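If you want the building blocks of each chain, they are given just below.
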Amino acid sequence: MPHITRREVLTGGAALAAVSAEPLLARQNLPVQSGAPATLPVRLTINGTPHRLDLDVRVTVLDALRDHLHFTGSKKGCDQGQCGACTILIDGRRVLSCLTLAVSVQDKRIETIEGLAVNGKLHPMQRAFIDQDGFQCGYCTPGQIMSAIACVREGHARSDADIQENMSGNLCRCAAYPKIVAAIKQARDAMQVP
Amino acid sequence: MRPFDFEQTANLSHASRLGRNTGQGQADAATQFLAGGTTLIDLMKLDVLRPKQLVDLGSLDAPASAVEVGLRGLRLNAFAKMSAVAEDKSVLAHYPAIAQSLQLAASPQIRNMATLGGNVLQKTRCPYYRDPSWRACNKRDPGTGCTAIDGFNRNHAVLGVDDTCIAQYPGDFGIALIALDAQIELAGPLGLRRMPFASLHIPAAGRPHIETSLLSGEIITAFYVPAGAWTARSLYLKIRDRASYEFAISSAAVALDLEGDIVRNVRIGLGGMAYRPWRATEAESSLLGKPLTEGAALSAAEAALAGARTHGHNDYKPELARRTLVRALLQAQSMPVTGASA
Numbered sequence: 001m002p003h004i005t006r007r008e009v010l011t012g013g014a015a016l017a018a019v020s021a022e023p024l025l026a027r028q029n030l031p032v033q034s035g036a037p038a039t040l041p042v043r044l045t046i047n048g049t050p051h052r053l054d055l056d057v058r059v060t061v062l063d064a065l066r067d068h069l070h071f072t073g074s075k076k077g078c079d080q081g082q083c084g085a086c087t088i089l090i091d092g093r094r095v096l097s098c099l100t101l102a103v104s105v106q107d108k109r110i111e112t113i114e115g116l117a118v119n120g121k122l123h124p125m126q127r128a129f130i131d132q133d134g135f136q137c138g139y140c141t142p143g144q145i146m147s148a149i150a151c152v153r154e155g156h157a158r159s160d161a162d163i164q165e166n167m168s169g170n171l172c173r174c175a176a177y178p179k180i181v182a183a184i185k186q187a188r189d190a191m192q193v194p
Numbered sequence: 001m002r003p004f005d006f007e008q009t010a011n012l013s014h015a016s017r018l019g020r021n022t023g024q025g026q027a028d029a030a031t032q033f034l035a036g037g038t039t040l041i042d043l044m045k046l047d048v049l050r051p052k053q054l055v056d057l058g059s060l061d062a063p064a065s066a067v068e069v070g071l072r073g074l075r076l077n078a079f080a081k082m083s084a085v086a087e088d089k090s091v092l093a094h095y096p097a098i099a100q101s102l103q104l105a106a107s108p109q110i111r112n113m114a115t116l117g118g119n120v121l122q123k124t125r126c127p128y129y130r131d132p133s134w135r136a137c138n139k140r141d142p143g144t145g146c147t148a149i150d151g152f153n154r155n156h157a158v159l160g161v162d163d164t165c166i167a168q169y170p171g172d173f174g175i176a177l178i179a180l181d182a183q184i185e186l187a188g189p190l191g192l193r194r195m196p197f198a199s200l201h202i203p204a205a206g207r208p209h210i211e212t213s214l215l216s217g218e219i220i221t222a223f224y225v226p227a228g229a230w231t232a233r234s235l236y237l238k239i240r241d242r243a244s245y246e247f248a249i250s251s252a253a254v255a256l257d258l259e260g261d262i263v264r265n266v267r268i269g270l271g272g273m274a275y276r277p278w279r280a281t282e283a284e285s286s287l288l289g290k291p292l293t294e295g296a297a298l299s300a301a302e303a304a305l306a307g308a309r310t311h312g313h314n315d316y317k318p319e320l321a322r323r324t325l326v327r328a329l330l331q332a333q334s335m336p337v338t339g340a341s342a
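As they're listed, the protein sequences go chains A and B.
Residue numbers for the first sequence, in the numbering used here: 1 to 194.
Residue numbers for the second sequence, in the numbering used here: 1 to 342.
By construction, these hints were calculated from the structure, which means they are not laboratory data.
All figures in this text were calculated on a predicted structure; none of them were measured in a lab.
Keep in mind that a hint or two might mislead.
Taking lysine-lysine and the DSS-like style, the derived pairs with C-alpha atoms no more than 27 Å apart in a straight line are [stated by the list, open to error]:
| no. | chain 1 | residue 1 | chain 2 | residue 2 |
| --- | --- | --- | --- | --- |
| 1 | A | K185 | B | K89 |
| 2 | A | K179 | A | K76 |
| 3 | A | K185 | A | K121 |
| 4 | A | K121 | A | K108 |
| 5 | A | K179 | A | K108 |
| 6 | B | K45 | A | K76 |
| 7 | B | K52 | A | K76 |
| 8 | B | K45 | A | K108 |
| 9 | B | K52 | A | K108 |
| 10 | A | K179 | A | K121 |
Label pairs and their calculated CB-CB ranges [said to hold, decoys possible]:
| no. | chain 1 | residue 1 | chain 2 | residue 2 | range |
| --- | --- | --- | --- | --- | --- |
| 11 | A | R158 | B | S65 | 55 to 65 Å |
| 12 | B | P196 | A | G120 | 54 to 64 Å |
| 13 | A | T45 | B | A10 | 18 to 28 Å |
| 14 | B | S13 | A | K121 | 45 to 55 Å |
Anything over 12 Å on all C-beta distances counts as not near chain A; from chain B, calculated [said to hold, decoys possible]:
| no. | residue |
| --- | --- |
| 15 | R20 |
| 16 | Q26 |
| 17 | M44 |
| 18 | A84 |
| 19 | L190 |
All C-beta atoms in this analysis are idealised placements derived from N, C-alpha and C, irrespective of residue type, glycine included.
With the hints as extra help, turn the sequences into a complete structure.
As structure tokens, then:
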């Protein structure tokens, strides 16, 4: 049995899934005004590494990361700026990559979940989410972790209530919230924010 | 999302010239300015806004500081992010209603993205406006009717509505601005000009697709909030269905200048309640020169809601607005305020 990753299974299964999902996809496939959309050269600096892409102007940072660069850590939840699963850092600030056009953030510093671990050593926030069991299905977790790191750096993790208020942009349908708060408190103390 | 041309420029007047087809808020305006994108990209994905051209304002030459506080008042850079102003110490100290209206809005991520100028131009959250599979929406497609009037209208407006549209203005910051007599500075075809914030959003008047008095190509560059003895004793009270990251179902921005318990001056804005940012001038007049008691606050609240028109699911709103305003006024009265405002 060859080694198959979960992502390969998901990718392979997509052809099957597309059959049942066809009406939904058709509905989202909005009319194109004139022929094939033009692409633009786009420079994106992700976790310190520059990338050059040719992108349709409509491509969001989230889609550029996931579909064009295969950084699939950042997740697509609602794709409408409501759930926070796509949270990344741009120039050090947490933002929603699903509502950010790739073409608008050239030359800015993009940080994703893939850039957190250093030489295989997890970031204190990643470690804390594992230690405190801060997730169940894990789908919202990369967004939670990126948002949580910014929350601590902003000085918005002073108390449970402070954390709850300042993590309200990240939804968790498994409702792991109490353990997410516990994880952020553990990491806050480990991050030694100046 | 439909295809569009993307324009970027470092020059404000060039951006304004590129934006000569931005219109007055129409969903089918040929050009849209892109600032934080938190409303625009969302509504383009939903096929509500259908621009053929975006003009990105994110690369304009580095603007001046986000906040300037002086003797004459407060100047806020319209390109500043909501989060930058929400946490500013001088805004918190001298204009707390402004800071609170920004802190209590949206989520940290959205506050990091959205600009002040874009915030005041955010679109209604009316579900029928946001979903083009509902054909009838006078705001989105003029002349098609209004689905909300006989539909699910629990969070629709009760003040300033007409028979063509009951959409609610969803913002928080705009409520504090209208209460505090803010002015806006605009750059566009007329050069730089100023106008009262209260003139920015126009009444539905049978044409709800026309939303603002901006000229095509005009860009909001700054907000001015005049100094006054009432700004330090000001607050923004927001009532919503969940504790955070939710639009208001009712809110009040109040500012008080008291001599003992006598109201020397008062400013009141109501949110979650009206078609556009709402100044409750009748309520203000009813309080002037009188002691601020719970009874006086309730009379003022009744005056503020006298013209309310409800449509079934939102019948609860006038009472909620009255209680919101009474609580806001009494809370502002008991605020510890030290020293004069800036």
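Status of the hints after comparison with the structure:
1. K185/A to K89/B: Holds, at about 26 Å.
2. K179/A to K76/A: 22 Å, holds
3. K185/A to K121/A: Between K185/A and K121/A the Cα gap is close to 20 Å, so the pair holds against 27 Å.
4. K121/A to K108/A: 26 Å, holds
5. K179/A to K108/A: Judged against 27 Å, a Cα distance of about 33 Å means the pair is violated.
6. K45/B to K76/A: 14 Å, holds
7. K52/B to K76/A: 26 Å, holds
8. K45/B to K108/A: 24 Å, holds
9. K52/B to K108/A: It holds: about 26 Å lies between the C-alpha atoms, which stays within 27 Å.
10. K179/A to K121/A: Roughly 22 Å between the alpha carbons, so the hint for K179/A and K121/A holds.
11. R158/A to S65/B: 55 to 65 Å: 27 Å, violated
12. P196/B to G120/A: 54 to 64 Å: 59 Å, holds
13. T45/A to A10/B: 18 to 28 Å: Since T45/A and A10/B have Cβ atoms about 20 Å apart, the given range 18 to 28 Å holds.
14. S13/B to K121/A: 45 to 55 Å: Holds, since S13/B and K121/A (Cβ atoms, about 51 Å apart) stay within the stated range.
15. R20: Fine: 20 Å to the nearest Cβ keeps R20/B off the interface.
16. Q26: Non-interface label on Q26/B holds, nearest chain A Cβ at 18 Å vs cutoff 12 Å.
17. M44: 8 Å, violated
18. A84: About 10 Å separates A84/B from the closest Cβ of chain A, which leaves it inside 12 Å; violated.
19. L190: 28 Å, holds
Hint compliance for this structure: hints 5, 11, 17, 18 are not met, and every other hint is.
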